[in-house]
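Using the sequences and the accompanying hints, generate a full structural model.
Going line by line, the protein sequences match chains A and B. Each residue of the first sequence is one higher than the one before, counting from 1 in the UniProt record's numbering. Each residue of the second sequence is one higher than the one before, counting from 1 in the UniProt record's numbering.
Derived from the structure by calculation, the hints contain no laboratory data. Certain hints may be false.
Given that identical chains are not distinguished, each listed pair holds provided it fits within a single copy or across any two copies.
Said to hold, decoys possible - Derived DSSO-like pairs: lysine-lysine, alpha-carbon spacing no greater than 27 Å straight-line:
#, residue 1, residue 2
1, Lys22, Lys111
2, Lys41, Lys226
3, Lys25, Lys182
4, Lys11, Lys83
5, Lys79, Lys226
6, Lys152, Lys22
7, Lys182, Lys111
8, Lys111, Lys198
9, Lys13, Lys182
10, Lys47, Lys111
11, Lys198, Lys226
12, Lys10, Lys55
13, Lys226, Lys58
14, Lys152, Lys83
15, Lys47, Lys58
16, Lys198, Lys22
17, Lys179, Lys13
18, Lys179, Lys226
19, Lys198, Lys25
20, Lys179, Lys67
Protein chains: 2
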Amino acid sequence: MEIISSKDNKKVKEARKLLTKKYRKNSYLIEGFHLLEEALKAGHSIKQIFVEENKLAKLTAMIGSEKSLTDLSVNLVSKDVLKSLADSESPQGLIAEVAIIEEVIDFSASKFLLLENVQDPGNVGTMIRTADAAGFSAVILLGETADLYSPKVMRSMQGSNFHLAIARMNEEECFAALKQAKISILTTTLSANSVSYKTVEESSFALVMGNEGAGVSDFAVESADKLVHIDMPGQAESLNVAVAAGILMFSL
Amino acid sequence: MEIISSKDNKKVKEARKLLTKKYRKNSYLIEGFHLLEEALKAGHSIKQIFVEENKLAKLTAMIGSEKSLTDLSVNLVSKDVLKSLADSESPQGLIAEVAIIEEVIDFSASKFLLLENVQDPGNVGTMIRTADAAGFSAVILLGETADLYSPKVMRSMQGSNFHLAIARMNEEECFAALKQAKISILTTTLSANSVSYKTVEESSFALVMGNEGAGVSDFAVESADKLVHIDMPGQAESLNVAVAAGILMFSL
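As structure tokens, then:
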């Protein structure tokens with residue numbers, strides 16, 4: 001196999017576009033062996049793989065005998081070319097292009113995390129990873145929440161998108177579907193007219209986390225079955241949104 | 001007051017050094033009005049302030065009549081000069097130099113957070129902010145944990161260093177002091193020979209959080225009165241360290 005050593009190679013240029021949101025219509029990039037392994041295990045379609053020569057043996061060992069390098073459209077690339085496709089400083093010598101799957105949310109499930117206008121990709125990824133760890137059924141992205149397929153979300157999710165259903169929905173439609181399925185909407189807030197999370201007894205619910213600065217929208221407050229807050233005995237005025245989500249998901 | 005418009009101004013050059021750890025022996029920089037307000041409220045010594053001209057009125061209003069611009073050594077600077085002193089994209093037109101205070105840990109208190117080799121400044125700051133919100137008494141930095149006074153730690157702490165005692169200690173001395181004070185050392189781990197955090201009943205304890213990749217050290221395991229883990233019903237292999245710390249601090 002020839003080694004692609006030019007960043008201007010057509011395949012490389014096309015793949016590099018996937019670092020930008022507007023080009024991520026059908027596929028996205030993941031970095032490193034761990035995420036590739038998770039994608040393969042979950043049966044997601046791998047469109048192609050870029051790998052540094054010194055990592056080819058590791059890749060061959062990982063994919064085993066069931067699949068071949070040709071099945072997976074493996075491209076050997078130079079270190080520089082690989083780096084040009086990466087968002088992180090250390091992409092571990094491998095980047096793969098994965099097909100986007102349109103997820104359908106099953107509203108007969110019991111625990112949902114709703115992210116409304118969450119801006120920071122690290123927070124979005126961390127909350128999805130925590131929802132996965134806590135055994136939630138699905139995550140729904142609302143409003144201006146950061147793009148699921150951004151490299152930073154991918155990195156902080158650590159493969160959790162291959163474990164649970166995640167979909168972007170229109171907020172009105174999402175809340176209507178939850179209400180029809182008799183799932184309680186628990187909207188988190190810092191405001192006083194809310195109850196402590198410790199009093200929540202619902203076993204089937206959708207937890208709404210809002211924007212880092214502005215919190216949840218008026219619409220999420222009005223649509224709530226219950227407004228919920230975390231009691232803070234100390235002096236800090238608020239918690240990081242991903243920490244707050246973690247406390248709630250592991251106690252509710 | 002004259003406006004400093006050169007990045008090569010001596011005062012500016014000296015202050016800019018504080019962005020680098022090795023120069024932060026006696027003081028450090030904070031960004032924005034909120035942190036300055038917290039520093040003043042906590043009675044920390046402000047060595048000097050750099051402010052953009054269009055924010056001078058806001059600063060004057062904030063410091064009120066008790067202090068003067070001269071007391072606080074206020075320097076008017078151009079937008080470019082201010083930016084050259086900032087770590088963040090939007091320093092909100094103000095940067096202040098604050099004197100480092102040597103904190104003494106009171107081991108007769110009841111709840112301690114110990115950060116051992118936590119690498120990411122954002123994680124360090126977020127955990128200190130969470131400890132503050134949860135009403136912890138103090139945070140102790142061990143080993144290779146990121147520098148408290150780094151701009152990124154400052155930003156994610158959101159002023160919590162002005163609310164609770166934080167000190168860097170030698171690990172052996174710290175554990176010895178805790179044992180002498182009969183404070184239980186709860187070391188967090190992913191390993192199987194540990195108990196669920198839900199079974200912990202100690203009311204006086206030191207919670208040890210470890211490195212993002214490697215976890216806690218063997219020494220922290222050996223020194224533990226109890227090894228503690230978080231039960232994860234889902235598929236994710238681990239939690240972000242700051243999320244895990246949040247779950248533990250709010251439930252213990």
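Looking back at the hints listed earlier, which ones does the structure fail to meet? Numbers 1, 2, 3, 5, 9, 10, 13, 16, 17, 19 and 20 - these are the hints that the structure violates, sorted from lowest upward.
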